[in-house]
Amino acid sequence: MRGGLRNAMPEQPANVRNKNFEEVTLGYTEAMAVDEAERCLNCPNPRCVEGCPVNVYIPQFIQAVASKNFAEAIEILKKKNSLPAVCGRVCPQEKQCESKCVLGIKGESVAIGRLERFVADYAREHGLDKKVETITPNGKKVAIVGSGPSGLTAAGDLAKLGYDVTVYEALHSAGGVLMYGIPEFRLPKEIVQYEISALKDLGVKIETNAIIGQTFTIEELMKEEGYGAVYIGTGAGLPHFMQIPGENLNGVYSANEFLTRVNLMKAYQFPKVATPVYIGKKVAVVGAGNVAMDAARTSKRLGAEHVYIVYRRGEEEMPARLEEIEHAKEEGIELRLLNNPVAIKGDDKGWVTGMECVEMELGEADASGRRSPVEKPNSNYILDVDMVVMSIGQGPNPLLKQTTPDLEVNKKGNIIADEVGATSIPGVFAGGDIVTGAATVISAMGAGKKAALAIDEYLK
Amino acid sequence: MAKILKKMILAPAVYEFVMEAPLVAKKCKPGQFIMIRVDENSERIPLTIGDFDREKGTINLVVQAVGNTTTHMCEDFEEGDDILDLLGPLGMPSEMEKFGTVVVVGGGIGVAPVYPIARAYHEMGNKVISIIGARNKDLVIWKDKMAAISDELIVTTDDGSEGHKGFVTDPLKAMLEKGDKIDLVLAIGPVIMMKNVAATTLPFGTKTTASLNTIMVDGTGMCGGCRVFVGGENKFACVDGPEFDAHKVDFPNLMQRQQMYKDQESEEYSCGGHCKCVED
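Residue numbers (the working numbering), protein chains in the order written: chain A, 1 to 460; chain B, 1 to 280.
Treat the hints with care, since some could be wrong.
Lysine-lysine pairs mimicking DSSO-like chemistry, simulated, CA-CA at most 27 Å apart [said to hold, decoys possible]: (1) B/29 - A/223; (2) B/7 - B/27; (3) B/262 - A/281; (4) A/223 - B/27; (5) A/349 - B/248; (6) B/98 - B/207; (7) B/27 - B/3.
Quick list of simulated restraints, FRET-style, between CB atoms [what the hints assert, rightly or not]: (8) B/207 - A/381: 41 to 51 Å; (9) A/243 - B/53: 38 to 48 Å; (10) B/100 - A/353: 46 to 56 Å; (11) B/6 - A/426: 37 to 47 Å; (12) A/208 - B/78: 45 to 55 Å; (13) B/80 - A/194: 26 to 36 Å; (14) A/365 - B/97: 47 to 57 Å; (15) B/53 - A/353: 42 to 52 Å; (16) B/54 - A/194: 35 to 45 Å; (17) B/71 - A/371: 46 to 56 Å; (18) B/248 - A/208: 46 to 56 Å; (19) A/135 - B/3: 32 to 42 Å; (20) B/53 - A/223: 20 to 30 Å.
Because the hints were derived from the structure by calculation, they are not lab data. Bear in mind the structure is a predicted one, so any value in this text is a computation, not a measurement. The C-beta atom is built at its ideal place from N, Cα and C for all residues, glycine as well.
Isolated chain A (complex conformation) (with noise of 0.2 Å):
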């Protein structure tokens, strides 16, 4: 036990990694990995484990990474989360797992996520984790609606305890967000796919190209395809404008549409691949999430001279984890903090031309405790930027309630579900963004847990 300080994660340089779409981060080696898991302190009564949504048997894998023992670690690991490469990537650790970690209290928690990406990747790498599960089929079937995190892992739950699963997937490629909508440099895509085809390995079948709500109904799964319940994973895949004039001009994106075009359809590899991508030579990316950071740093990757982060609260607010922020400053992206847009400008062809911005100030706080921005009078002024994208959220998609009249929903859209994804019709279960709005990659893997456990119930 050697305490102090976390290892430092090696990265690429910000000033090389800013012009490729290689992984920004490169993974401990194995050495750093062993001398870190050296510091967990195999706590008696472990908070991190509360502090995961998926509940990883955290302190017992790490003692695995401690002895070496990397067969075992990944076991541990896969025991609570399928998609164990990815979480180690994207989930926000530092304010799960990492944040209950003791050894924060003085000094740097455990860097668990780094540990649980170096055990999935060194498993993958060294073919550590093919080992085959025993599974007796019960003969009952179930339908997963999305292949994103929270159908996955339903999936993946479903399968181990002997259900018959079928994802479907409207995209003709699975894994959802984790593939139209991570960027490759953070997210690598041929390792989603590596983690999709260890489910398969489980038997979960998947449909792609199949459109729940079009292509068949809830009910026609359950009453002609023979699917005992049914799981609703599709997301938030909705992209909010902000109804401002000027928003369908040539130029301007949702970031759902410019990261699809680079992520899922590969534009960056333009013309070798046939689906073409604007890029302006300044930028402005409005609002300040973690996929505006991806979008952000996706048009810098893409050549744009300028790119700013456009935010109407300051640099405290910013929803987006705090790693993202800073690795997005270090290549180059220019925060304009308490700052508006209120119309976008074009040209007479309808090109973008620039976004009018007003200057905001901090007020009280509002009902999320965050301090309200109040506009400041005549402040206006024109951001000189040639392509807009807006990244304000994403809300749910009306296909599947359109088609499903009895599936209760919110006035926002969203499906209505109690704390195990039970719906409004018996046998339709429901989770991730799709009931609570946009949220992370693990608190969606959370509720397909949690439902995974209730249709088992519901089926019994």
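With chain A fixed as given, assemble chain B onto it according to the hints.
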């Protein structure tokens, strides 16, 4: 995967593909569309369903080689080949009721998506008057199919090589001016044609719908690339449409948005206005 069961040439650079797509054929309704990705490095593009056979489990797509993907599909894919991805049906179906007299207007390959809607109107007991237009007689498609489900069929060509010499809006305007009772006009074709049809019917207050062929990435409501101003509100053509009240659509904005990737390539599936089947 979806197999190409049949490929026919309808006009220069215009092909009809009969695709094996039983799930889509089983569920699709007139007015809906599909998304395809022909192979690994291709774009996802929307194509409107031209015809379908529920029993055989097939759908018919009419594709004009204008963009990268459509040219690739028309030139490099033959009967027996598989299309990598086909998703559907997508979008809201056409509103179906007994309106009375319906005039359907199809420009260029826009005739294909008009066909199943017109057929359904006809089956519901509407009087269907079809106006189909093209640059010249070689580019007129599905004339016999349209004739079979229309009470009256009018063909227009720019050069007069077949039917009326002029634009699809000419006979429409004549009918309206004559005082013929028209309860609904449906227009599908190049944006400029739909814009002109809307402008023709507006003074007469005739209910007019247009099916918009916007740029899309996913086709399921996720990208917002298909957004279009309708009555001052932003709508997504993929989930709110593709049909909208043509009198409320901001066509100039739509035309500008269609040019977004002009420098990189053409993403449009229709003739994109190049057929000059209407007045500019």
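Going through the hints against the structure:
no.	hint	verdict
1	B/29 - A/223	holds (21 Å)
2	B/7 - B/27	holds (23 Å)
3	B/262 - A/281	holds (18 Å)
4	A/223 - B/27	holds (16 Å)
5	A/349 - B/248	holds (21 Å)
6	B/98 - B/207	holds (14 Å)
7	B/27 - B/3	holds (18 Å)
8	B/207 - A/381: 41 to 51 Å	holds (45 Å)
9	A/243 - B/53: 38 to 48 Å	holds (43 Å)
10	B/100 - A/353: 46 to 56 Å	holds (48 Å)
11	B/6 - A/426: 37 to 47 Å	holds (45 Å)
12	A/208 - B/78: 45 to 55 Å	violated (24 Å)
13	B/80 - A/194: 26 to 36 Å	holds (33 Å)
14	A/365 - B/97: 47 to 57 Å	holds (54 Å)
15	B/53 - A/353: 42 to 52 Å	holds (50 Å)
16	B/54 - A/194: 35 to 45 Å	holds (40 Å)
17	B/71 - A/371: 46 to 56 Å	holds (55 Å)
18	B/248 - A/208: 46 to 56 Å	violated (36 Å)
19	A/135 - B/3: 32 to 42 Å	holds (34 Å)
20	B/53 - A/223: 20 to 30 Å	holds (25 Å)
The earlier numbered hints that this structure contradicts are 12 and 18.
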